[in-house]
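Trainee: Chain residues, written in single-letter form:
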Amino acid sequence: GDSVTQMEGPVTLSEEAFLTINCTYTATGYPSLFWYVQYPGEGLQLLLKATKADDKGSNKGFEATYRKETTSFHLEKGSVQVSDSAVYFCALSEGFQKLVFGTGTRLLVSP
Amino acid sequence: NAGVTQTPKFRILKIGQSMTLQCTQDMNHNYMYWYRQDPGMGLKLIYYSVGAGITDKGEVPNGYNVSRSTTEDFPLRLELAAPSQTSVYFCASSPTGGGGYTFGSGTRLTVV
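These protein sequence lines map, in sequence, to chains W and R. If you read the first sequence in the numbering used here, its first letter stands for residue 1, the second for the next number, and so on. If you read the second sequence in the numbering used here, its first letter stands for residue 1, the second for the next number, and so on.
What the hints contain is simulated information worked out from the structure, not anything from laboratory work. Please note: incorrect hints may appear among the correct ones.
Simulated DEER-style distance windows between Cβ atoms [unchecked claim]:
1) W:GLY1 - R:SER84: 18 to 28 angstroms
2) W:SER110 - R:ASP56: 38 to 48 angstroms
3) W:GLY29 - R:PRO61: 23 to 33 angstroms
4) W:THR51 - R:ILE12: 35 to 45 angstroms
5) R:SER84 - W:SER3: 20 to 30 angstroms
Distance condition first, Cα-Cα at most 30 angstroms in a straight line; then the derived BS3-like pairs of lysine-lysine [claimed, not checked]:
6) W:LYS56 - R:LYS44
7) R:LYS57 - R:LYS44
8) R:LYS9 - R:LYS57
9) R:LYS57 - R:LYS14
10) R:LYS9 - W:LYS68
11) W:LYS68 - W:LYS56
12) W:LYS60 - R:LYS57
13) W:LYS60 - R:LYS14
14) W:LYS68 - W:LYS52
15) W:LYS52 - R:LYS57
16) R:LYS14 - R:LYS44
17) R:LYS9 - R:LYS44
18) W:LYS60 - W:LYS77
19) R:LYS44 - W:LYS52
20) W:LYS77 - W:LYS56
21) W:LYS52 - W:LYS77
22) W:LYS77 - R:LYS44
Far from chain R, some chain W residues (derived; all Cβ distances over 12 angstroms) [stated by the list, open to error]:
23) GLU16
24) THR28
25) GLU42
Glycine included, each C-beta is placed from N, C-alpha and C at the ideal position.
Pulled out of the complex, with its shape left as it was, chain R reads as follows (with noise of 0.2 angstroms):
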């Protein structure tokens, strides 16, 4: 099994840019979270999603957007890219919400 996949898993990006993050899952889960990995702050929710056609904002939303038309399919946007951004970003998956996610090995978005 793959688990979850995300690419890319690094980038550069100047400010404005856009771009998306890919995220799958291929364990039928229902659940999935989007974080992002500050140095020294532990890691923030940004969207997740019960299920397909369904989303919701976490802590840290602004600048970003999120789609789910599948099950697998979890992909997260950013429109106009700052230096705010810059971090690590995981996504995770879970059969029943409740706290035994799987993590994917993070994309690491540098914006210059």
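Extracted from the complex, chain W is given alone in its bound form (with noise of 0.2 angstroms):
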């Protein structure tokens, strides 16, 4: 079935680091891919998509691009801050039935 496979956390950077948090999937087709973000205590909400290969999702300064050859869709932030502390999931839907999610990343920025 289909899966999504995150790298482990949790991910610990200084303020104005450049971030990669690596996700790859498995599907039997033509997934849309998403990464949700969740603030302690709060529901996941949605931080961008794609829904094609080649397609670049980007919000808040985060950036993830489709890559169909390498099944990857990496989440990446040129310069984080305390603020983008939280858990960052990975999924992938290829339908209206159900996102699939991976197991999450935690990222730990200091000031």
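Both chains come to you apart, so use the hints to assemble them.
Mentor: Structural data, given as structure tokens:
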């Protein structure tokens, strides 16, 4: 079945550092790909998405490019802030039925 | 807009007790979902609904039941609580399915 694999956390960075969180997927068809963010004590929020190969999703300085050849959707940000500290989930959807989530990657940014 | 509202936020149950987790959305979304989140395990789908009167099982439905009598409400019922149901439960909705979900803030349930 479909699955999503994320890098283990926590990822610990200093403010203004470059961020990469790796995400790869396995799917039988052509899924849409998503990044969700969960701040402490809150529900998940959609961060960005891409619906077809080579699409780039972007929001709040975060970017991710849908790479079909490597089945990847890595999340990047050029300069992280303390307020970016959260858990980031990569997910895919092959239809209306459900999202399949990765296990999440915790990001800790120190001043 | 309130979005997706879940109640209660926290609950402690004894083994064998029953309870209903409430979920309401005010966005007129057809699709609604229940997920559970366990530490280090991501989110697992319990049940979902594509419209009023229509529900279906997800990956981990055992021990749970749902109903969808209106577009707005999608309650999750635990009939005989077990320690394995200790988790954080999230309700979500979507206008068309396909991944752009709006999540509630969650219910943290502990079964002792």
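Trainee: Work down the list of hints and note, for each, if the structure agrees.
Mentor: Hints and how they fare:
W:GLY1 and R:SER84 have their C-beta atoms about 22 angstroms apart, which keeps the hinted 18 to 28 angstroms range intact. In this structure the supplied range 38 to 48 angstroms holds for W:SER110 paired with R:ASP56, their Cβ-Cβ distance being about 44 angstroms. The hinted range of 23 to 33 angstroms is satisfied by W:GLY29 and R:PRO61, whose Cβ atoms lie roughly 24 angstroms apart. The beta-carbon spacing between W:THR51 and R:ILE12, approximately 42 angstroms, falls within the hinted interval of 35 to 45 angstroms.
Range check, R:SER84 to W:SER3: Cβ separation about 22 angstroms, and the 20 to 30 angstroms hint holds. Simply put, W:LYS56 and R:LYS44 have alpha-carbon atoms about 27 angstroms apart, close enough for the 30 angstroms limit, and the pair holds. Using a Cα cut-off of 30 angstroms, the hinted pair R:LYS57 and R:LYS44 holds, with the two alpha carbons roughly 11 angstroms apart. The hinted pair formed by R:LYS9 and R:LYS57 meets the criterion: a straight-line CA distance of about 24 angstroms does not exceed 30 angstroms.
A hinted pair counts as satisfied when its Cα atoms are at most 30 angstroms apart, and R:LYS57 with R:LYS14 qualifies at roughly 25 angstroms. Restraint check for R:LYS9 and W:LYS68: the C-alpha separation of about 40 angstroms exceeds 30 angstroms, so the hint is violated. The hinted pair formed by W:LYS68 and W:LYS56 meets the criterion: a straight-line CA distance of about 12 angstroms does not exceed 30 angstroms. The suggested pairing of W:LYS60 with R:LYS57 is violated, with an alpha-carbon distance near 35 angstroms, which exceeds 30 angstroms.
A hinted pair counts as satisfied when its Cα atoms are at most 30 angstroms apart, and W:LYS60 with R:LYS14 does not qualify at roughly 43 angstroms. In summary, the hint linking W:LYS68 to W:LYS52 is supported, as the alpha carbons are separated by about 8 angstroms, within the 30 angstroms threshold. Taking the CA atoms of W:LYS52 and R:LYS57, the gap is about 28 angstroms. The hint holds against a cut of 30 angstroms. Simply put, R:LYS14 and R:LYS44 have alpha-carbon atoms about 23 angstroms apart, close enough for the 30 angstroms limit, and the pair holds.
Under the criterion of a C-alpha separation no larger than 30 angstroms, the hint pairing R:LYS9 with R:LYS44 is consistent with the structure, at around 19 angstroms. Restraint check for W:LYS60 and W:LYS77: satisfied, since their Cα atoms lie roughly 9 angstroms apart, inside the 30 angstroms limit. As the CA atoms of R:LYS44 and W:LYS52 are separated by approximately 24 angstroms, the hinted pair is consistent with the 30 angstroms bound. Distance hint between W:LYS77 and W:LYS56 is fulfilled; the C-alpha atoms sit about 13 angstroms from each other, no more than 30 angstroms.
Under the criterion of a C-alpha separation no larger than 30 angstroms, the hint pairing W:LYS52 with W:LYS77 is consistent with the structure, at around 21 angstroms. The hinted pair formed by W:LYS77 and R:LYS44 meets the criterion: a straight-line CA distance of about 28 angstroms does not exceed 30 angstroms. Against chain R, the non-interface label of W:GLU16 holds: every CB pair exceeds 12 angstroms, the least being about 29 angstroms. Taking the minimum C-beta to C-beta distance to chain R, about 16 angstroms, the non-interface status of W:THR28 holds against the 12 angstroms cut.
For W:GLU42, the requirement that its beta carbon stay farther than 12 angstroms from each beta carbon of chain R is not met, with the minimum near 6 angstroms.
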